[in-house]
Amino acid sequence: MAQIPSLDNAPLNLSSLREQSQKELLNILKNIRGKKCLVIDPKLGGTLSLLIPTSLLKENGAELRHLSADPVQTECSKVIYLVFPQLNLMKFITSHIQNDVSKGVQREYFVYFVPRRTVVCEKIFEEEKVHQMLTLGEFPLYVVPLDEDVLSFELDLSLKECLVDGDTSSIWHVANAIHKLEFAFGVIPNVRAKGKASTKVADLLNSLQVEDPVNMGDMAIPEINTLILLDREVDMVTPMCFQLTYEGLLDEILQVNNGSVEVDASIMGGQQDGKKVKVPLNSSDKLYKEIRDLNFEVVVQVLREKATSIQQDYAEVKSTSQSVSELKDFVKKLNSLPEIARHVNLAQHLQSFTCKPSFHGRLDIEQTILELQNYEICFEYIEEMIHKQEPIVNVLRLLVLFSLTNSGLPRKNFDYLRREILHSYGFEHMPSLYNLEKAGLLKKQETKNNWLTITKALQLIVDQTGTSNPNDISYIFSGYAPLSIRLVQHAIRSGWRSIEEIIRLLPGPHLDLKRGVSNANSISETVPGAQSIIDRVADGRRSLVLVVFIGGVTFAEIAALRFLSAQEGIGYDFIVGTTKIVNGNTILDTLISTKN
Amino acid sequence: MSSVSVAAEWEQLHDRFYRKPELYSLQWGGARMDLARHRVACAPFGGPVAAIRDDSKIVQLFAESARRKLLIFSSSGHPLASAAWDRPGGRLVGMAWSDDLLLHCLVQDGSLYRYNIRAELVGPPVSLGKECFEQGVAECVFWGNGVVAITESNQIFCVPDFKNPRPCKLADPGIDEFPLCVAVIEPQYTMSGAVEVLLGVGDYVLAVEEDGVQQLGVGIGPLQRMAVSQNGKYLATFTHDGRLLVIPTDFSRIIFEYTCESALPPEQIAWCGLDSVLLYWDEMLLMVGPHGEPVCYYYDEPIKLIPECDGVRILSNSSMEFLQRVPDSTVSIFGIGSMSPAALLYDALDHFDKRSAKADENLRLIHSSLPEAIEACIDAAGHEFDISRQRTLLRAASYGRAFCSQFPRERFQEMCKVLRVLNAVRNHEIGTPLSIQQYKMLTAPVLIGRLINANQHLLALRISEYLKLNPEVVIMHWACEKITASPAIPDAVLLEQLLDKLKLCKGISYAAIAAHADNSGRRKLAAMLVDHELQPSKQVPLLLSIGEEDTALVKATESGDTDLVYLVLFHIWQTKPALDFFGTINARPLARDLFVTYARSYKHEFLKDFFLSTGRLQDVAFLLLKESWEFEKNPMASRGSPLHGPRIRLIEQAQKLFSETKEHNFEARAAEEQAKLLRLQHELEVSTKQAIFMDSSISDTIRTCIVLGNHRAAMKVKTEFKVSEKRWYWLKAFALATVRDWEGLEKFSKEKRPPGGYKPFVEACIEADEKAEALKYIPKLAEPRERSEAYARIGMAKEAADAASQDKDSELFGRLKQTLAQNTATSSIFDTLRDRLSFQGVY
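Those protein sequence lines, which keep their order, are chains E and Y. In terms of numbering that gives the first Met the number 0, the first sequence opens at residue 0 and continues consecutively. In terms of numbering that gives the first Met the number 0, the second sequence opens at residue 0 and continues consecutively.
Hints listed in this document are in silico derivations from the structure and should not be mistaken for laboratory results.
Distance windows between CB atoms, simulated:
1. G103(E) to D171(Y): 40 to 48 Å
2. L578(Y) to I376(E): 52 to 60 Å
3. S686(Y) to D363(E): 41 to 49 Å
4. S404(Y) to L55(E): 51 to 59 Å
5. L55(E) to R117(Y): 54 to 62 Å
6. K575(Y) to V209(E): 28 to 36 Å
Within a straight-line C-alpha distance of at most 30 Å, the following computed DSBU-like cross-link-like pairs (lysine-lysine) qualify:
7. K675(Y) to K443(E)
8. K675(Y) to K721(Y)
9. K128(E) to K537(Y)
10. K607(Y) to K90(E)
11. K715(Y) to K387(E)
12. K746(Y) to K387(E)
13. K607(Y) to K128(E)
14. K442(E) to K625(Y)
15. K411(E) to K751(Y)
16. K437(E) to K721(Y)
17. K288(E) to K179(E)
18. K411(E) to K725(Y)
19. K387(E) to K775(Y)
20. K655(Y) to K437(E)
21. K717(Y) to K442(E)
22. K625(Y) to K387(E)
23. K443(E) to K655(Y)
24. K442(E) to K721(Y)
25. K317(E) to K327(E)
26. K607(Y) to K442(E)
27. K274(E) to K57(E)
28. K416(Y) to K19(Y)
29. K675(Y) to K437(E)
30. K661(Y) to K443(E)
31. K442(E) to K725(Y)
32. K437(E) to K625(Y)
33. K387(E) to K749(Y)
34. K42(E) to K128(E)
35. K42(E) to K29(E)
36. K34(E) to K77(E)
37. K661(Y) to K411(E)
38. K387(E) to K675(Y)
39. K625(Y) to K90(E)
40. K715(Y) to K751(Y)
We put the CB at the ideal spot given by N, CA and C, even for glycine.
With these hints in hand, go ahead and build the complete structure from the sequences.
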């Protein structure tokens, strides 16, 4: 199975989107004649693995290299850099060129920026005096389909840039990416946004429609009915919780990157030689599609049943004489064997983590923190983690959750825990703590705590009735319904108005827009009354809701959305757009300043 | 019948008919115009006429100034502009209109002056070079996009492309005598793609190119006149003995030959379409075709032949005529005695108008060929200059269409549209006598371009709208012209006038117009205009160029496009002194934050200045801390004593800065502690002679001391940094377990009752995989739950279950069973226990 997901079942024609990007990339290669060395920023390389097979790049005469501080080793006289416009990467490129110059090597250099060239990068080339030697270009890749219902803008630093640095480039990027989607699928008539970045994106979408309008006459009905924009900042609690769906656990424990995990070959039943294998994970794998969003406990059962049923069939085939058609059915079942084996292997590996008492201890404490019970126990648990010098990310993740639900820690505790962290992990973590403070993730108690009000009003804490046959999204976290998805539920059902009181308690402004009214002069207007935005499309088609998370989304939240759209009597499908797939660790990793 | 009178105006040349309708009678604005006394340049496609009094002739001055003037008229003789002709550089050698309607005037010294249609000089003159200047230009030949000049020394210079005027020298033809005649083949028609010059020399022709000279047609001449056909394939030439020869430009054969009555070379020679050649002597214009007797026209006044793609316009002092072959469709309708379906249809309309039944008879006759008849009428209408005749022909077509449903309606509508446009521009006031064929070749957008060039904006706008073309170019040009022409109108008033029109066109670039306003010295108006620009990516750069940095910053910030903010940022950074720059960006959070992001990686020192000047001491402190950590990465710098090294100094500076702010006491204390730690670690390294302490955390330092057995040092660190008892127990227990000092561990556990319980001891033993040791401490754990978990971890199921049952913790109980389920023996223990406790809902 390929890492590039099949998009045949997507509710939108995403394959055309992907083909367009492929074509643009290949054209860049074709327009530079002869043999060339394509140097890709490693992060971008991961993104491209979802877009185009490397063989196709090589067929177009490109040698592939990863961009690093080390000079490029190649015989080619033409070097093409394909990079995100990030400042540190420019340093690499200039040092490569200066290295070539000092050695008297003459080459042609091309730098292609994804998705566009920026003044600040060019400024660096100018200052380093290599500007004249470069041909600059753009590869306008704003969106990559991760799966048939997930789009990524590939902005993994978005959250940190917005919350800590005040760099809002990603907001502009997201608005442009959505506007590009609108060119393909029509102007989205309903927009609901919550959070500073989200409302800004909604504003930008309106101005983009003025600057560079999507012609609404060409499209009969816009394919996307509603756009819901949410800042990650609005709900930082959910990503700090440990994900319990199959896919979520895979991400928490093995790190899913660009739709695949890398594991020791031994885990997958291979040789124990320390080699790594890449396991693709997307909906092209039928079994994975079936189980990815289930609570892991259930996944184990499902896999066991599947395996047992095959075992039984096998026994029957051996013992009794069967008709040819029955045999055929059996053989068909056997075809799914590799898939079953793959997931049994992975699940077994995950289980070796989930059966540890420490894992359950952690889940217990998470639940306690979410329910705001017993402050002391939670505080001591975190204190003990620090004293035991457990990995700092794990400590900070719980600490952030603790600070968020308590809307900060009492001054004394705040300073004490910070001091204990610096003592245990070193003073170089001062900027990490400062960053967390700036991002509002770790702070001292100053305001009234609204967490209980919010959990009650939105029914975030639900008593578990059983994970095997859930009827509410709270199954995702075994008893906690993710706040972000509850907001989406309300946004769809009746708009923000019905939860006006609650939504004011969450950070950032909110906004409700109706766009693309036939009157061209008023492109947008605020809808006064609460009304269901899911106007059923007349021909009985399901309407489509694009939910965009600015700052990242977790697999668990995607699972919750998929669960919602699969519920009976709900006439809409979701497409998720996100700056990046995240989890608590990856979010904190961007905020923790390491020594390098 | 009317059709007879139409054909009566035609002349027949062998089997073809020619007509010469008068397009305009010329008034020249009430003044006299004598072509004989003027140098005249006429632009093709019905373009303007330029005239300068010819000073190579002796002329009598009437009531006019002795100073020469450049006069520009429309084709209808309407004066458009005039200007004094006082260019230095000697005699005017030649002038012509280029394709983009700039009048190019070449003077003797090789300077090429360019005028627009309003007789204004455009740009500085183009010089053909020093050599040309020294030799002096004797003659020149223009084509639509270039010029060739022959000097007195018989050298040839060329400007091959007016849009990019770079003169070049062609190959030396190597002749002593000045050529008898000259012609050029335009670059688009030559093999090489470069211009080819034909020189009539001796009895042959020299074809001169940039890199070579070729001798052609030896014995054909001597040639007195040459003219190249519109398509560059044929050459019409007049020999010294009075013959007209038509030959292909490769001189491979003679296509036809006609001997004239006079051997005197004609004053002008021109192609009329591709069918015939015109020769003009004083008072006589002879039209020669390949077959049959030539047609002769007489003029009692001087004329000027203006070749067009489908005929020749004839300019005289009093009129503008168009000599053209009568189109086939027109011949089929109006030809004398024509019985073609089209003629019958035209006739039928006549009968219909007279209410005669013959109309129906005619229609019956041509029923099967009605479509072609209609088509011919429409086509003929298109070729007519006379509006009433256009109308009659179209009515005939429309009458026929009533009986012919399958005829495409679009064809008819299309023609009406074209004729409306043509009639509008042919109007005497506008004076652009385009034929339909010329119009199609010129294309509507170019026509509109010419109209706006002549300041006919309203008509251009109407035509754009009528043809559904984007009016942006028209409105944009109008706005720019309006600004240029209105220096006296106050900014606000002019802005209103402009906006009133600009709003007609959605998506028009206000930035472009604002740029023009700025170039015209109206910076304030530019600022007002650019405010209306919708696209920030156009607006912001322009705001910068007109010095509106603050507005640019506001707009860039509003646009959300960080790239634009950077653009403004760098601009201000370069143009303002540092302190002003800091002040400007500090007031704008986005700009400030972006600057900080950029400077963080590239301008460290400058960033410090910024933070200091804006009072962000804590940020300076963090920068200092970062620097101190960078020393650690750099092995060169960390050599030698850190005490005297710069690291501690940086940290202490940071600490001082932190303590100067109110909110960063915590950081100040941390920095203080860090400096202290570094000193202490240094001492430890000196005393232990082991370089393993630096840059580890306080906890790690304690652990390392214990692992090394240096308990006194560990204690010292503990007291120095007031490490809590709780943490101390964890650290020491783990450190002792690391070195497997079980005795020491036990002793430690008995020193006093551990403040945080025995958990650290249990964990340390389990982690070191020492079950026996762990068992010493597990029973001492306070919570049954903790005990149960600990037992479970070392695989003692029964004890775990017992402990769990003490706690009556069903959840824990279930989990334990799951964990240990593989072992059937343990499983059965659970079953019995469950029965005993009768837990509900457990596996």
